[in-house]
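For the protein sequence lines, the chains are A and B, in the order given.
Numbers 1 to 303, taken from the numbering used here, label the letters of the first sequence in order.
Numbers 1 to 330, taken from the numbering used here, label the letters of the second sequence in order.
If you're looking for bench data, these hints aren't it; they were derived computationally from the structure.
Every clue listed holds true.
Examples of chain A residues lying across from chain B (beta carbon under 10 angstroms, computed):
id : residue
1  : E193
2  : K205
3  : N206
4  : R208
In the BS3-like style, the derived pairs of lysine-lysine whose C-alpha atoms are separated by at most 25 angstroms in a straight line are:
id : chain 1 : residue 1 : chain 2 : residue 2
5  : B       : K140      : B       : K34
6  : B       : K203      : B       : K92
7  : B       : K173      : B       : K92
8  : B       : K65       : A       : K131
9  : A       : K205      : B       : K92
10 : B       : K92       : B       : K139
11 : A       : K205      : B       : K85
12 : A       : K191      : B       : K92
13 : A       : K191      : B       : K65
14 : B       : K76       : B       : K173
15 : B       : K300      : B       : K12
16 : B       : K85       : B       : K65
17 : B       : K76       : B       : K12
18 : B       : K23       : B       : K300
19 : B       : K173      : B       : K139
20 : B       : K23       : A       : K131
21 : B       : K173      : B       : K85
22 : B       : K173      : B       : K203
23 : B       : K76       : B       : K92
24 : B       : K65       : A       : K205
25 : B       : K23       : B       : K65
26 : B       : K23       : B       : K12
27 : A       : K205      : B       : K173
28 : B       : K203      : B       : K34
29 : B       : K203      : B       : K139
30 : A       : K191      : B       : K85
31 : A       : K131      : B       : K85
32 : A       : K205      : B       : K76
33 : B       : K85       : B       : K12
34 : A       : K191      : A       : K131
35 : A       : K205      : A       : K131
36 : B       : K140      : B       : K203
37 : B       : K34       : B       : K92
Quick caveat: nothing in here was measured; it's all calculated off a predicted structure.
The beta-carbon is built from N, C-alpha and C at its ideal position, and this holds for glycine as well.
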Amino acid sequence: MQFSRTKPPVPPNETGSANRNSSLEAKPLRDLVRSFIRHRSAVIGASLVVIFILCAIFAPLLTPYEFYTSTRETLDDPSAAHWFGTDDLGRDIFTRIIYGARISLWVGFVAITGSIIIGSFLGLVAGYYGKWQDSLISRLFDILLAFPGILLAIAIVAMLGPGLNNALIAIAIINIPTFGRLMRSRVLSVKQEDFVLAARAIGMKNSRILWRHILPNCWTPIMVQGTLGFATAVIEAAALGFLGLGAQPPQPEWGTMLSDSREFIQLAPWTMIFPGLAIMLTVLGFNLLGDGLRDIFDPRMKQ
Amino acid sequence: MAQPMLEIQQLKLHFFTDQGVVKAVDGVDLTINKGEIVGLVGESGCGKSVTSLSIMGLVPQPPGKIVNGSILFEGKDLVRIPSRKMRYIRGKEIAMIFQEPMTSLNPLFTIGNQLTEAIRTHETCSRREAEQRSLEMLKKVGISREGILREYPHQLSGGMRQRVMIAMAMILKPRLLIADEPTTALDVTIQAQILDLMRLLNKEFGTSILMITHDLGIIAELCDRVFVMYAGQVVEETDRYSLYKSPGHPYTQGLLRSIPGMEERQKRLYAIPGQVVPPHNMPAGCRFAPRCQDVMERCKKEVPPLSPVAEGHLSRCFLHQGGEQEHGTA
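Extracted from the complex, chain A is given alone in its bound form (with noise of 0.2 angstroms):
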């Protein structure tokens, strides 16, 4: 017996929590994160969105020089002094990713939170009061994913101009219809529900039973595809920094500094290797950890 020597396995029940009583008692949060913790690729996924966390949040601590300052060492090799070498202009290309990365987690983030708030509420208005409103918002969805996304992207920049609040607005924009059809779906069955008829019958308001019984209800999905949109939206922020329509020079771009790279590929690999490799990470990172929760939400994986 492998457990012989060490302790005996504790009853899960008796572990924590000795002050609540009852062994019926549900704990909801703990079984979440035990089975998130089991599931080996959304562990994965999780640590290296941490990863890419910590070094936007301490950047300024991850290295000692500027993301904007030129030297005169320029498309030097990788070296301790410089981990991933330096760019055309002499700027170490490690300082510029580490800080790239504030970038491209802030556009996903405020990006996709843009569309989630958006998306959910057309998609909760178009499920609930149906009718003329449910075809005029998912009409207005259909116009949105008629274009493909990146396209309509760049339209919306060379509208607005480019830059990377811009970009932002574009990136939020064409991932409006994913969030609002998948709400209204979720809406749609939720509405069905028999405690939705029973707030009825107790006489609440509809306002209320949205906000109350069907919202709380339409979470979860959203919450796996906004990690997943995520992903989606790193990439879209990179391909219109590639294109120039993202952020501007000097901001340390992912996607910019692939497009500066591009004359150096042979004569200085490493200005385009780490910067793709860092997009390349953060979106399986986010991939990895949305298809994880999508798992661990599944009633139908539970163990």
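With chain A held as given, fit chain B onto it using these hints.
Below, chain B without anything else, positioned relative to chain A:
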């Protein structure tokens, strides 16, 4: 003389669907007096749930539409009342409990949270006071477990949840409680407890109860008067004793015969022959005519009116009308 609290007159509620008009409720008359327990029986799809939902104003419109009739609740016509005002009646004056206790509570909130919410929908009172009242009401419905207010629906059994639902419905002391098959999803032992509880609440608060069921046993146990529905119409109205002793309508007779008896050993259980008529293709005459054993030529052409069989006993059948006419002419 008992005072009517709820009077449904000639209610017609039709669903306008792509397949045609479904006359779910087609000219129902129903009265409930103060403090009375009234049963509404019928098989699935006969319109009993739709009738109850239309009292609450909870029939989805469209596709549903009340095309005729009135629902008088203490003088107010619930059909014509603006929906803003209807909200104050729902829950406060008329409450409802549903068939499925397992899904009638929001899984994300605690029992206490949902009960106090019910109070605070209609009254302004402090959280402390609302919780106090919730606890008292839960005690009345037989839950005195400590910490119940902080528990989530999934921690309770079906019977417990139905008690919580009843507590939630009764907490504002409504004058009418509509119970839509409240015991169908429960064990027989729990059923009996729930029925006892409803009788108790009826006595204690004087709440009238409209008991919707397809279980004739529950009617015998609980109800003062019974309405039998078939295909959107009331076919019989009587008290519970004559329902069993002298059922007037052939449908009611068939229902009663369908209950397996304890006394006689039967090889096969009795079933009313034929099928319920399809809702968008009603026969011209009596709706039960295609399945009726005593069918006459007249039944296929004319819809029989509800006519008295005895004192307080109405039946929608020509058999009795014929009898009455003979009586009248003699």
